[in-house]
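S.K.: With the hints as constraints, model all of the structure from the sequences given.
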Amino acid sequence: MARSGQIDEKALSEAGLIYLRVLAEAARLSARIRDVASPDLAPQADDQRNQSFGPETVAAMSTALDRCLDELPLRISSDAVQLLSSSILDEASRGERDPEKLQLHALALLKSRQ
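Residue 1 is where the sequence shown starts when you use this note's numbering, and the numbers rise one by one after that.
Watch out, some of these pointers could steer you wrong.
Claimed, not checked - Label-pair restraints from in silico Cβ distances:
| # | residue 1 | residue 2 | range |
| --- | --- | --- | --- |
| 1 | 7 | 94 | 35 to 45 Å |
| 2 | 97 | 9 | 35 to 45 Å |
| 3 | 9 | 52 | 35 to 45 Å |
| 4 | 8 | 98 | 26 to 36 Å |
| 5 | 56 | 104 | 12 to 22 Å |
| 6 | 10 | 71 | 16 to 26 Å |
| 7 | 8 | 90 | 31 to 41 Å |
| 8 | 16 | 58 | 13 to 23 Å |
| 9 | 56 | 7 | 28 to 38 Å |
| 10 | 75 | 52 | 26 to 36 Å |
| 11 | 55 | 109 | 18 to 28 Å |
| 12 | 95 | 66 | 13 to 23 Å |
What the hints contain is simulated information worked out from the structure, not anything from laboratory work.
A virtual CB, placed ideally from N, CA and C, is assigned to each residue, including glycine.
M.R.: Listed below in C-alpha cells is the structure:
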C-alpha cells in the first residue's frame, strides 16, 4: 500500500496486521499439515488437506491471497480473510496451481457467501 501512495499510518498498520495474521495462519496450517501427513501414505481423495505443498504451490497460494486482498476494501473481517485462505488452500489441494484461478475461485466463494 505504501508503494501505491498510501500515507495514512493507521491504514498501513491495519493492512500490515491483516497480512501478518494471514501469514501466521498459513504457517500454522502448514505446520499442522506436516504434523498430520504421513510420508508413506498417499493422500486420499477425501483427505487432500493433509498433503504437503512445494515452494511453487505455496508461492502461488500466497500470490492468490495477496491479489484477493488487493481487490477488497482495507477493512474486511477476519472471517472473510479466513474464508479466502481456506478456499485457496482447498483449491490447491485439488491440484490448482494458477494464482489467478485460485484468486478468482476464492473471490467468487466470498461473493456467494455475502
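S.K.: For every hint, state whether the structure bears it out.
M.R.: Going down the list of hints, with the structure as the test:
1. 7 x 94: 35 to 45 Å: Given range 35 to 45 Å: holds, Cβ gap about 41 Å.
2. 97 x 9: 35 to 45 Å: 37 Å Cβ-Cβ, so the 35 to 45 Å window holds.
3. 9 x 52: 35 to 45 Å: Distance hint for residue 9, residue 52 holds at roughly 38 Å.
4. 8 x 98: 26 to 36 Å: Hint holds: Cβ distance 33 Å, inside 26 to 36 Å.
5. 56 x 104: 12 to 22 Å: With Cβ atoms ~19 Å apart, the hint holds.
6. 10 x 71: 16 to 26 Å: About 21 Å separates the Cβ atoms of residue 10 and residue 71, which means 16 to 26 Å holds.
7. 8 x 90: 31 to 41 Å: Roughly 34 Å apart at Cβ, these two residues keep to the hinted range, so it holds.
8. 16 x 58: 13 to 23 Å: Holds, since residue 16 and residue 58 (Cβ atoms, about 21 Å apart) stay within the stated range.
9. 56 x 7: 28 to 38 Å: For residue 56 and residue 7 the Cβ distance comes to about 35 Å; the hint holds.
10. 75 x 52: 26 to 36 Å: holds (34 Å)
11. 55 x 109: 18 to 28 Å: holds (25 Å)
12. 95 x 66: 13 to 23 Å: holds (21 Å)
Comparing the model with each numbered hint stated earlier shows that all of them hold.
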